[in-house]
Amino acid sequence: MATPTKRATPGPWCDGLGSGAFDTSSSFTLAAYNTTGPNANSTGAPLVMGSDGAYVKAQFWHFITAASWPDALVYPTASLVNGTLVLSGTGDALPAQAVAVQESDSLVFSASDSANPLSGAQDYCAVQPDSGLPLLAVYGDTDSFSLCQMAWENVVIYKAAPDSGYDYDSCYPVKLQIIFQ
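In the working numbering, the protein residues as written are 2 to 182.
Think of the hints as simulated: they come from the structure by calculation, not from any bench.
Treat the numbers as computed from the prediction; the structure is a model and nothing was measured.
Where a beta carbon is used, it is the ideal one built from N, C-alpha and C, also for glycine.
Take the hints with a grain of salt, since some may be wrong.
Label pairs and their in silico Cβ distance ranges [claimed, not checked]:
#1 39 with 92: 31 to 39 Å
#2 16 with 131: 18 to 26 Å
#3 58 with 89: 18 to 26 Å
#4 132 with 59: 21 to 29 Å
#5 114 with 37: 38 to 46 Å
#6 19 with 72: 37 to 45 Å
#7 35 with 131: 29 to 37 Å
#8 145 with 39: 18 to 26 Å
#9 36 with 114: 34 to 42 Å
#10 54 with 77: 17 to 25 Å
#11 56 with 144: 27 to 35 Å
#12 71 with 103: 37 to 45 Å
Construct all of the structure, not just a fragment, from the sequences and the given hints.
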């Protein structure tokens with residue numbers, strides 16, 4: 002199992018997370034751990050990248066539960082590089098770049114020929130708690146993620162709010178656990 006590469010001082014996107022914070026790590030997947038209800042296993046629901054639409058020459062992707070994505074995986078793993086989440090694509094996958102995280106929205110990536118994955122939004126960090134798996138954070142916050150129903154997908158939302166394009170009443174809080182490959 003891989004372990005995080007810790008820089009002496011992680012960037013400001015890790016502020017408030019303490020000495021266990023890191024902003025660089027390679028090859029992992031994410032799982033959504035339900036904090037208020039039962040989980041099927043110790044890591045939570047596996048997450049994958051699901052389509053969030055397309056516009057002109059760009060495709061958009063966001064994290065959804067593996068159970069709600071019937072297709073082959075286009076971006077099977079991710080890495081954390083100086084505060085940006087970098088997706089690892091397969092085959093003909095376009096380069097994907099993290100978009101700045103917005104409240105009441107999913108964690109979006111824009112994929113196009115001109116995307117530069119290492120120039121994505123530096124909104125991400127991770128922290129190793131006293132026990133358990135490392136947690137993904139946005140803006141130094143590990144506590145504001147939810148899984149919400151959007152059409153047929155269960156989508157990860159940061160700071161879920163009513164009237165935001167998903168079924169707010171279906172949302173429940175989760176922690177995003179990092180599973181090293």
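So, going through the hints one by one against the coordinates:
1. 39 with 92: 31 to 39 Å: Between residue 39 and residue 92, where Cβ atoms are some 36 Å apart, the hint holds.
2. 16 with 131: 18 to 26 Å: 20 Å, holds
3. 58 with 89: 18 to 26 Å: Between residue 58 and residue 89, where Cβ atoms are some 21 Å apart, the hint holds.
4. 132 with 59: 21 to 29 Å: Violated: the Cβ-Cβ distance is about 41 Å, outside 21 to 29 Å.
5. 114 with 37: 38 to 46 Å: 42 Å, holds
6. 19 with 72: 37 to 45 Å: 39 Å, holds
7. 35 with 131: 29 to 37 Å: 20 Å, violated
8. 145 with 39: 18 to 26 Å: Given about 21 Å between the Cβ atoms, the range holds.
9. 36 with 114: 34 to 42 Å: 39 Å, holds
10. 54 with 77: 17 to 25 Å: Check passed, 21 Å falls within 17 to 25 Å.
11. 56 with 144: 27 to 35 Å: 32 Å, holds
12. 71 with 103: 37 to 45 Å: About 27 Å separates the Cβ atoms of residue 71 and residue 103, which means 37 to 45 Å is violated.
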